[in-house]
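Participant: Taken in sequence, the protein lines are chains A and B. Residues in the first sequence are numbered consecutively from 1, following the numbering used here. Residues in the second sequence are numbered consecutively from 1001, following the numbering used here.
Everything labelled a hint here was simulated from the structure, so no lab data went into it. Do not rely on the hints blindly, as some may be mistaken.
[Claimed, not checked] Sample of chain B residues at the chain A side, in silico, Cβ under 8 Å: (1) Lys1042; (2) Gly1043; (3) Thr1049; (4) Asn1095; (5) Gln1096; (6) Phe1097; (7) Gly1100; (8) Gly1102.
All residues carry an ideal CB built from backbone N, CA and C; glycine is no exception.
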Amino acid sequence: KAGVTQTPRYLIKTRGQQVTLSCSPISGHRSVSWYQQTPGQGLQFLFEYFSETQRNKGNFPGRFSGRQFSNSRSEMNVSTLELGDSALYLCASSWTGKNIQYFGAGTRLSVL
Amino acid sequence: EDQVTQSPEALRLQEGESSSLNCSYTVSGLRGLFWYRQDPGKGPEFLFTLYSAGEEKEKERLKATLTKKESFLHITAPKPEDSATYLCAVRDTGNQFYFGTGTSLTVIP
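One chain only, chain A, in its complex shape:
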């Protein structure tokens, strides 16, 4: 069974640009969550989608947004990039969002 797939693995952007990250969950999983991981803050919850609806949202500015498609694939968008957005962005999927989350390898975003 394929795991969680995140693309691209690495991204380099400049301040002010926008970026879209993609996540394909494990087959059959309907919940997708996004996290930002930085050395100082650890994993910070961004948002969770379940059946195309945002079910939970963390404490991040409106520049961070996401969506989920009918096949459960999810995208995360960050607009007007700032230097502080440099991080590893992780996607996790689970059956319903109420149990074990399985993580992808992440997308490493560097903002110059």
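For chain A, the structure is supplied; the task is to place chain B on it using the hints.
Facilitator: Leaving out everything else, chain B in the frame of chain A:
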């Protein structure tokens, strides 16, 4: 506010030297405590889930335990391949996950 604190931040052990990692939490209604292992350049890999105080889970050299305020990850006779960052997370009644910042474990041959 829900919070997860892990200690120590970093731990160096000789191969075979057993030790424990700590995860203390404050959460409004615990709906599960999770341990993950993360290797450099990879996403976290699920290890254990614990749901109630007194529960224990084991896998090879790892054993996780849970009390009402903290969890321990015991590592018995570790090997160099156990070197990784170990993350603890809790799920609250709002179905939100909170992660600690992790313990970086290095096992020296």
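Participant: If a hint holds in the structure, say so; if it doesn't, say that too.
Facilitator: Going down the list of hints, with the structure as the test:
Because the closest C-beta pair between B:Lys1042 and chain A is about 5 Å apart, less than 8 Å, the hint holds. A least Cβ separation of about 3 Å between B:Gly1043 and chain A falls short of the 8 Å threshold, and the interface hint therefore holds. At a threshold of 8 Å, the smallest CB-CB gap from B:Thr1049 to chain A is about 6 Å, leaving the interface hint in force. At a threshold of 8 Å, the smallest CB-CB gap from B:Asn1095 to chain A is about 6 Å, leaving the interface hint in force.
A least Cβ separation of about 5 Å between B:Gln1096 and chain A falls short of the 8 Å threshold, and the interface hint therefore holds. Hint on B:Phe1097 holds. Least Cβ distance to chain A is approximately 6 Å, under the 8 Å limit. Annotation: interface hint on B:Gly1100 holds; nearest CB of chain A at approximately 6 Å, less than 8 Å. Against a cut-off of 8 Å between C-beta atoms, the interface hint on B:Gly1102 holds, since the closest Cβ of chain A lies about 6 Å away.
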